[in-house]
Amino acid sequence: MASATLYRRLRRMLLPAVALAAAACTSYVVLPVDVNYEKVSAPYVVTFINQTGAPFEVRASESGRRTGYGNVAVAPGGKFSAILQLRQFTVGAGSSVPGVRVLEGPYFEHSPPDKAEIRFAQGEPRSLLVALRHPSWFEPYTQSAAEPIELVVPVKAFSLMPLFPRGPPGGP
Amino acid sequence: MRYLERIDELRRAELFKRASEFAAIYKPELPTVVILPGGMGSRLQRAFAPFDPDNLPPAVDLYELWASLPHILDGQLRFLAHNEATEERDHYPIVPYGELTSIVKSYDGIFDYFEDKANVVSLGYDWRRAPAKECGYVTRFLELIVEQVKLRYPHAQDPRKRLTLYAHSQGGLVAKLFVNELVDAGEEVSNWFERLVTCCTPFYGTNSHFSRYYTGEPLINIVTGGADAVAKIVATFQGTYCLLPAPRSVLGPRLAKLGLQRYPVRDYDDRGIDCDPFDGFADIAGRYRAEVSRAHLVFARDQYAQLDRDLPPEVAARVFHIRSDANRKQDKRDLELRWKRVDGANYSAAKGNPIYDNMKKGGRGDGTVPLWSAALAGTPDANVFDLVGVEHGGAAEHACSLYILAGLMNGRDVPRGPHVAEADFEYASRTRAAEIVMQLKELPPAAAKARFEALPEDEYRAIVDGWRLSA
Chain A
1 MASATLYRRL
11 RRMLLPAVAL
21 AAAACTSYVV
31 LPVDVNYEKV
41 SAPYVVTFIN
51 QTGAPFEVRA
61 SESGRRTGYG
71 NVAVAPGGKF
81 SAILQLRQFT
91 VGAGSSVPGV
101 RVLEGPYFEH
111 SPPDKAEIRF
121 AQGEPRSLLV
131 ALRHPSWFEP
141 YTQSAAEPIE
151 LVVPVKAFSL
161 MPLFPRGPPG
171 GP
Chain B
1 MRYLERIDEL
11 RRAELFKRAS
21 EFAAIYKPEL
31 PTVVILPGGM
41 GSRLQRAFAP
51 FDPDNLPPAV
61 DLYELWASLP
71 HILDGQLRFL
81 AHNEATEERD
91 HYPIVPYGEL
101 TSIVKSYDGI
111 FDYFEDKANV
121 VSLGYDWRRA
131 PAKECGYVTR
141 FLELIVEQVK
151 LRYPHAQDPR
161 KRLTLYAHSQ
171 GGLVAKLFVN
181 ELVDAGEEVS
191 NWFERLVTCC
201 TPFYGTNSHF
211 SRYYTGEPLI
221 NIVTGGADAV
231 AKIVATFQGT
241 YCLLPAPRSV
251 LGPRLAKLGL
261 QRYPVRDYDD
271 RGIDCDPFDG
281 FADIAGRYRA
291 EVSRAHLVFA
301 RDQYAQLDRD
311 LPPEVAARVF
321 HIRSDANRKQ
331 DKRDLELRWK
341 RVDGANYSAA
351 KGNPIYDNMK
361 KGGRGDGTVP
371 LWSAALAGTP
381 DANVFDLVGV
391 EHGGAAEHAC
401 SLYILAGLMN
411 GRDVPRGPHV
421 AEADFEYASR
431 TRAAEIVMQL
441 KELPPAAAKA
451 RFEALPEDEY
461 RAIVDGWRLS
471 A
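Chains as they are written, first to last, in my numbering: chain A, 1 to 172; chain B, 1 to 471.
In case anyone wonders, no lab produced these hints; they're calculated from the structure. Possibly wrong hints are sitting among the right ones.
Subject to a maximum C-alpha distance of 30 Å in a straight line, what follows is the list of computed DSS-like cross-link-like pairs (lysine-lysine) [as the list claims (entries may be wrong)]: (1) B/Lys-17 / A/Lys-39; (2) B/Lys-257 / B/Lys-232; (3) B/Lys-257 / A/Lys-156.
Please model the entire structure based on the sequences and the hints provided.
This is the structure in structure tokens:
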């Protein structure tokens, strides 16, 4: 009997304390970030051909603006070339699932995960996304000298459907 | 290193950890369900320290910001705001971390239901960011799952062969764009998933999100500096602009297929006028508050074209939609919105909400997503299932939805419906919910959390499901 009373008293005192302590806690985590930086691709020169029928402007990236690059107007039928170079990496101990990022450049920006974004203006702000995951982006790195490889992208319209200038199937 | 690159690393680290933990409890003999929660249904964890490109620690300490009650009551949701480059303004990294479990527990019913029937894992995504970008993390996550499962079970079948993507609300937008990318990349879709089942996904927009650009979100306003402050925060999220009603360019050609008589956003005073939220004309653009981003609107408009894009027939056959009409009115009609012509440049929340819908007059929908919005026009009719009486917030774990989901997974011939819910979750009134939040705000954080968790089910759900309205 005495122990039952003691138990009830303890429960009355302890439970609210435990509940309050638990309530004060919030979800807290330590996230290991194990990154392995791997190979760099050959440099690419991506040439956009304005086939939209109207002029557009190519917007410099943030790092481009910082280093003195400006926006560039491209007339109908005109061309604009931007350098694009990539780095492969993995995240997670022992993981071999690759990620790709854009090395800092004047026009292309990294658009995670695994895409490059280049911004335009044609009356209003527009973007094109380039898919970077295909392994062929990295092939020339081991096969040839690191000379820029030109990729030609005719721009007929602005769409968020990613471009595949390398790798199957549907290039622009 | 740039800020978004670091965010990318943190996110991959989280997905790796999640995939490893999933593999540890994986049962090769069972099928797999990957949950994509609704918008605001993914937990967001915030780093204790700001990003420093010269000091990248091998492990990052994170605390729950969304949806940790003490931090919400402390007004910390202001940290969710983005700058123009979609970076956190203060450069304290925020990363998604699976589905919400601490306050909102609307997905645990799925885990309970499939216990011993399927391997279940959720993929958190950043609902502030555009689905067109978030969809890439679905691919990465599935690759990590395969890698980690294969490490433990080298001879097991690829988990993707019996994998169902179960996407609630905004998660369905992420999932559709993931499927698009597989198709565009020339992938064999059957190598990636067996089926995609969406539940209450706003493929053509919501009726609840529009007003947030004017008057914020009622319960959150109370604890985050008021309606104007919340409206300004919402306007910084590139990802949620696609919760506005879809543009005319997308809906126009689909009206008949979606069962609509006309474009569903009308001018408030002259209902003969279409009001496309994405139009750049002065009469439309001028209605928005100054902080609403034209760049984000254009991005969302372009994204809608991709969301609506037809899939090849063999892929469309793998896509299923569950949609709900929760409206109890007898006299049903198409859900429409009306938009008052206001002077956006000089607008403040005190002037009231200029967006109206006809939910109370019988507009069909689940409270957040109009019925016409919850199935893709290109999906075969036989793959669309109707619910009656199920509200948006708890729909993913509702018994009717799980019955349909399990039926599809088991190869049963599931009737299209309508499946009438015998009972939906009980909800207290919105007024009562606001009253409770006001009371919680006055309490110390620990006491507020304890009080909150002791709330009766109807009051609890009125608050947490309310927070996931865009969900």
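Verification of the hints:
1. B/Lys-17 / A/Lys-39: Holds: B/Lys-17 and A/Lys-39 sit about 24 Å apart, inside 30 Å.
2. B/Lys-257 / B/Lys-232: Given pair B/Lys-257, B/Lys-232 is violated - Cα atoms ~36 Å apart, limit 30 Å.
3. B/Lys-257 / A/Lys-156: holds (29 Å)
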